[in-house]
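2 protein chains.
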Amino acid sequence: MKIGVLGSGMVGVAIATKLVKLGHEVKMGSRSATNEDGAKWVAATGKGASQGTFKDAAAFGELLFNCTSGSGSLPALESAGKDALGGKILVDIANPLDFSGGMPPRLSVVNDDSLGEQIQRAYPNVKVVKTLNTVNANLMVEPGLLKDATTMFLCGDDAASKGKVQEILKGWFGWQDTVDLGPIAMARGTEMYLALWVRLYGALQNPMFNVKLVR
Amino acid sequence: MKIGVLGSGMVGVAIATKLVKLGHEVKMGSRSATNEDGAKWVAATGKGASQGTFKDAAAFGELLFNCTSGSGSLPALESAGKDALGGKILVDIANPLDFSGGMPPRLSVVNDDSLGEQIQRAYPNVKVVKTLNTVNANLMVEPGLLKDATTMFLCGDDAASKGKVQEILKGWFGWQDTVDLGPIAMARGTEMYLALWVRLYGALQNPMFNVKLVR
Numbered sequence: 001m002k003i004g005v006l007g008s009g010m011v012g013v014a015i016a017t018k019l020v021k022l023g024h025e026v027k028m029g030s031r032s033a034t035n036e037d038g039a040k041w042v043a044a045t046g047k048g049a050s051q052g053t054f055k056d057a058a059a060f061g062e063l064l065f066n067c068t069s070g071s072g073s074l075p076a077l078e079s080a081g082k083d084a085l086g087g088k089i090l091v092d093i094a095n096p097l098d099f100s101g102g103m104p105p106r107l108s109v110v111n112d113d114s115l116g117e118q119i120q121r122a123y124p125n126v127k128v129v130k131t132l133n134t135v136n137a138n139l140m141v142e143p144g145l146l147k148d149a150t151t152m153f154l155c156g157d158d159a160a161s162k163g164k165v166q167e168i169l170k171g172w173f174g175w176q177d178t179v180d181l182g183p184i185a186m187a188r189g190t191e192m193y194l195a196l197w198v199r200l201y202g203a204l205q206n207p208m209f210n211v212k213l214v215r
Numbered sequence: 001m002k003i004g005v006l007g008s009g010m011v012g013v014a015i016a017t018k019l020v021k022l023g024h025e026v027k028m029g030s031r032s033a034t035n036e037d038g039a040k041w042v043a044a045t046g047k048g049a050s051q052g053t054f055k056d057a058a059a060f061g062e063l064l065f066n067c068t069s070g071s072g073s074l075p076a077l078e079s080a081g082k083d084a085l086g087g088k089i090l091v092d093i094a095n096p097l098d099f100s101g102g103m104p105p106r107l108s109v110v111n112d113d114s115l116g117e118q119i120q121r122a123y124p125n126v127k128v129v130k131t132l133n134t135v136n137a138n139l140m141v142e143p144g145l146l147k148d149a150t151t152m153f154l155c156g157d158d159a160a161s162k163g164k165v166q167e168i169l170k171g172w173f174g175w176q177d178t179v180d181l182g183p184i185a186m187a188r189g190t191e192m193y194l195a196l197w198v199r200l201y202g203a204l205q206n207p208m209f210n211v212k213l214v215r
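Quick note, the sequences are listed as chains A and B, same order.
With this note's numbering, letter number 115 in the first sequence gets 115, and the count goes up by one each step, no holes.
With this note's numbering, letter number 146 in the second sequence gets 146, and the count goes up by one each step, no holes.
There's no promise every hint is true.
Identical chains share a label here; the pair holds if one copy fits it or two copies do between them.
Calculated cross-link-like contacts (lysine-lysine; reagent style DSSO-like; alpha-carbon spacing at most 27 Å) [as the list claims (entries may be wrong)]:
#, residue 1, residue 2
1, Lys2, Lys212
2, Lys170, Lys147
3, Lys21, Lys88
4, Lys147, Lys88
5, Lys40, Lys147
6, Lys47, Lys147
7, Lys212, Lys88
8, Lys2, Lys164
9, Lys40, Lys212
10, Lys147, Lys2
11, Lys212, Lys170
12, Lys147, Lys212
13, Lys82, Lys164
14, Lys82, Lys21
Since the hints were made in silico from the structure, they are not lab data.
Next comes chain A alone, as it looks inside the complex (with noise of 0.2 Å):
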């Protein structure tokens, strides 16, 4: 599948290497078409990968996942357009974090709406679905990393894209649990998590960590 990665940093190179070692032709789209992590990343991966802008990216995929930062995702997309955007799958891993007062961040969206609700304000035809914002770059794509299974939410307003985002997290990222939390409003539930994410990250001094949902 012709897939298209919005975001160059540790989150894009980890979904993107992991799409092109399960046999798909990848582009990594940054402000630049010759942006330097994205060329290390083209180097380093060679057959199926290329960059280009976040329009090219977009453009390229039939299916796209959204690895900006939380404060980079809104103008990435409006630099993609709704033209190259169109009706595909949007899978939005980032989180509206605001690192400018320091460690842990705060959450620049709480309580009435999400990053993920506003991108899907934005961009109405786009089938957002959140997910895979809750752990670590390196367990998004290797949960098995982890002693035991864990739990991978997500959330969005189309039915039938969340089906196939979760046989994509089944069956191409081996996440065995997930736990459909509803529309895309519950994303408020999973961003905020991220506040405790990031306290549990100081406390353990180490990101490979992740919930296991017992019901």
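Fit chain B to the supplied structure of chain A, relying on the hints for placement.
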């Protein structure tokens, strides 16, 4: 041990009942010394159970539990008064949930403050230890009701008091896996986690769940 339990709702009843079963003398505190829920609890529980005002319960206990609602916590503690609270350990279970806009509730304090910190600032001599606020009342005192062991977080500024509360969590209530997040400011994380908890409750239609931290 003589223990004061502030609050006569579901959480207060669950905690106080368990403590009496463990052989402790428990005074349940409410706004009125003749509170109806408190009277029912005393009648149902018998030996070891008594009730009184918030001030009566705080003065009675060598150890205190804050089981009031989030919006009722500071008024209850003000009613108890600095003298009765003294320099005792206060296990703070309350969450700053605001139900005025319907379900799911909002968090009335986020990001830069928490209810745990508000209580600690208002009563600097009290040893506030925030814990148990991330699970349903029944699970607080019987985590074995779930099929797998799960995790309980705690935080507070006084290390010795946290150590005692960890012993209580483990020895009295059965929490084998406790995670000390650090100072009371870490309550921002466990309180904001409630934004996910309330949505999980909605999705699962059952409050009997918790997370196991896999690391």
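Results for each hint:
1. Taking the shortest Cα distances, Lys2 and Lys212 never come within 27 Å of each other, neither inside one copy (32 Å) nor across copies (36 Å).
2. Taking the shortest Cα distances, Lys170 and Lys147 sit within 27 Å of each other both inside one copy (17 Å) and across copies (23 Å).
3. For the homomeric pair Lys21 and Lys88, the shortest alpha-carbon distance inside one copy (22 Å) is at most 27 Å, but the shortest distance between copies (58 Å) is not.
4. Taking the closest pair of Cα atoms, Lys147 and Lys88 never come within 27 Å of each other, the shortest separation being 35 Å inside a single copy and 40 Å across copies.
5. In this homomeric assembly, Lys40 and Lys147 never come within 27 Å of each other (Cα to Cα): the closest approach is 32 Å inside a single copy and 47 Å across copies.
6. Proximity of Lys47 and Lys147 under a CA criterion of 27 Å is satisfied in neither setting, with 32 Å inside one chain copy and 46 Å between copies.
7. In this assembly of identical chains, Lys212 and Lys88 lie within 27 Å of each other by CA distance neither inside one copy nor across copies; the values are 30 Å within and 35 Å between.
8. Taking the shortest alpha-carbon separations for Lys2 and Lys164, only the intra-copy value of 15 Å comes in at or below 27 Å, while the best inter-copy value is 56 Å.
9. Taking the closest pair of Cα atoms, Lys40 and Lys212 never come within 27 Å of each other, the shortest separation being 35 Å inside a single copy and 38 Å across copies.
10. In this homomeric assembly, Lys147 and Lys2 never come within 27 Å of each other (Cα to Cα): the closest approach is 32 Å inside a single copy and 42 Å across copies.
11. For the homomeric pair Lys212 and Lys170, the shortest alpha-carbon distances inside one copy (15 Å) and between copies (20 Å) are both at most 27 Å.
12. Taking CA atoms no more than 27 Å apart as the test, Lys147 paired with Lys212 passes in both settings, with 11 Å inside one copy and 12 Å between copies.
13. Proximity of Lys82 and Lys164 under a CA criterion of 27 Å is satisfied intra-copy only: 22 Å inside one chain copy versus 57 Å between copies.
14. In this assembly of identical chains, Lys82 and Lys21 lie within 27 Å of each other by CA distance neither inside one copy nor across copies; the values are 29 Å within and 63 Å between.
The structure fails hints 1, 4, 5, 6, 7, 9, 10, 14 (numbered hints given earlier, in ascending order).
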